[in-house]
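Line order of the protein sequences matches chains A and B. Throughout the first sequence, residue numbering follows the working numbering, covering 1 to 545 in sequence. Throughout the second sequence, residue numbering follows the working numbering, covering 1001 to 1197 in sequence.
Each hint should be verified, as a subset may be incorrect.
[To be verified] Derived DEER-like restraints, expressed as beta-carbon distance ranges:
hint, chain 1, residue 1, chain 2, residue 2, range
1, B, Ala-1033, A, Asn-242, 45 to 55 Å
2, A, Phe-490, B, Arg-1014, 41 to 51 Å
3, A, Trp-36, B, Arg-1014, 21 to 31 Å
4, A, Thr-165, B, Ala-1134, 26 to 36 Å
5, B, Gly-1026, A, Pro-325, 24 to 34 Å
6, B, Ala-1146, A, Thr-245, 26 to 36 Å
7, B, Glu-1088, A, Val-79, 41 to 51 Å
8, B, Arg-1090, A, Gly-344, 51 to 61 Å
9, B, Gln-1109, A, Phe-490, 56 to 66 Å
Source of the hints: derived by calculation from the structure; they are not laboratory data. Idealized CB from N, CA, C, for every residue including glycine.
Spelled out from the first residue to the last, the chains are:
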Amino acid sequence: MAPKVPPQPTLEQSSTAAEAGHGHAHEAPPKGLMRWLLTTNHKEIGSLYLIFSLVMFFIGGIFALVVRLELFQPGLQFVNPEFFNQMTTMHGLIMVFAAVMPAFTGLANWMIPLQIGAPDMALPRLNNFSFWLLPVAFGLLLSTLFMPGGGPNFGWTFYAPLSTTYAPPSTTFFILALHIAGISSILGAINIVATILNMRAPGMRMMDMPLFVWTWLITGFLLIAVMPVLAGVVTMMLMDINFGTSFFNAAGGGDPVLFQHLFWFFGHPEVYIMILPAFGIVSAIIPAFARKRLFGYASMVYATAAIALLSFMVWGHHMFAVGMPLVGQLFFMYATMLIAVPTGVKVFNWIATLFQGSISFEPPMLFALAFVVLFTIGGFSGLMLAIAPADFQYHDTYFVVAHFHYVLVPGAIFAIMAGVYFWLPKWTGHYPHERLSQWHFWLSVIGVNLTFFPMHFSGLAGMPRRIPDYALQFADFNMVSSLGAFLFGFSQLLFVAVVILCVRGGKKAPAAAWGDYADDLEWSVPSPAPLHTFETPPNYQRPAH
Amino acid sequence: MSDNEMDTQGAGVRRTVWRSVAALVGMFAFAFALVPLYDVFCRVTGINGKVDTNAQALVHDNMDESRMVTVQFITRNGSGLPWRLDVETRQVRIHPGQTSEVNFTFNNQSGAESWGRAVPSVSPSTATRHVRKASCFCFEEQRLEAGERLELPLVFQLDRDLPPEINTVTLVYTLYPVDGKQAPLQAAAKTIEGDEA
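All chains, please: the whole structure from these sequences, using the hints.
Structural data, given as structure tokens:
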């Protein structure tokens, strides 16, 4: 870290200097479309990421609604099974790689430089490149739906040989799209890690960083470690399909089970990539609205690191039913259950923070509280799935679907929404519309639970995943799930309305928009945050509490 | 911030980036290294039912006559090869250490010559390391003329130290086509019927 500069500038000086610098020192930025294509500003790129992610969230959501529409009643009503398979696959791929991951990267772009007192990301031009790879990747991926033979139809886990020997011809485009998206997230991760490690305000130690920064640092390491493995897997698929190799083909001495090992070696850390930054957001919001310091900051950091390390040792729990020696099943079962310990530490810390707090229920807090409750439900069903002998009943049923949607929708996505509501005053200078936000929250919470809670029961009763039709005894559960899905889907239009209204106007927000306990560095710059902040490093003062 | 500090920061960023890139390249290579490692791991531990495709010497001196084990044979056609693979008997009962020979019949049912291979697998996988094959058609690729029938033997033993809880061993042979095969690698075999279709 850079040593302390003796005459520390005050914050007022730094922000006025920033505005003055913007006017004189830089040439005028390009206007219109070119401004967004060429921008290297972390706030603008952050906004681009978030808008892209929101658009993709709706596209992936439409795919989900096609699935739920078909499953509203037993029998085949609306789409044929081939198209149904493409919808389940594309829904998963888009939501994982184009909605959740870019949303977190967008929040990181916006908030990490502000939270650590840096003027921008470490590599601003690379940042621009990382973002603009995404529309290319997902434009390519979505275009496969219009190709002969249709888009990917083998599930988002693209198990070989479904994705090699039996795949549609468009699979090569799918592989290329995944490569580009992977490069984008790797570059984004390198940028974020380089920013956090090298650009903190003078005097800010690692253990002073806000938890969103900490969780993103660890997520960045996870991304750097596992995205290349994903790239390797899809490269092997590419070679199996086009160049006659046999990595996953038993006929040529390969092994389809190897695909699953490689995929889940990437895939399990990937699910933590999608949840660790959510932990960071919730850890910022709960203290702000409980009006208490976060309970157990250091244990939060160590728990996050422990989860990340364990995530490399548990991939086999996705493969209990594939055929695995007893020792392997026991190892993966116990290792998986061990993850409940650091996760439990986090949940108890949040509850301890709430305990005897002076709690108020503004929209960010509502989403954060729903996160804690509903994510924990998802965590518990995860523990049930970790039990190897019981997993044979749950495997590939709607119980699994219920589990990972509980950790991803009211988990990751609610945390993203909580973060958006929390930081909207900083981004736009206005508070989000209170009444509309409340409607959005309650409709979302009801919709999510109506959609995914019945799936636990249909799954335990044996309803298989990724099938367009089902036995009659599942009809009621599925009808409830479908109604909930449409409620949840359409209530997200309220979210768009809230964001647009908030950009246009609303109650003015001061610099410290959420009171004394939201006191990280981002709340020291004016609301809305000027385009350039912290061009002179701020004087970081450790909170005295 | 002074120029000096900017330089330190720039150097720090460069260091982080190069280390990340090294980690990236390492992990990409690791993914590919996992392919042979996985293969070796499966062979050494015998999990996954992967059988050694080299002939092993038979051991003649010790037969465990106190124990009988059922050995079942399953033949399957994997994909795309117009062949049939049949076995003269679906199961044999043998003592561990006893040598047994079973004949398999390959039959090319198409009107053109083609190359194929029977890929072996053992179940339960814990028995894999205890199956000792002295001669197997699965060691090599086969070429069959149009309509040709070919009878090939499997000569094998079960080790005396086969775990006591295993009473049944299943040997599975799956036929796969071999594409673009040039060099003759055919197993020594006797042709029992005419070559012409």
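*Which numbered hints turn out to be false for this structure?*
1
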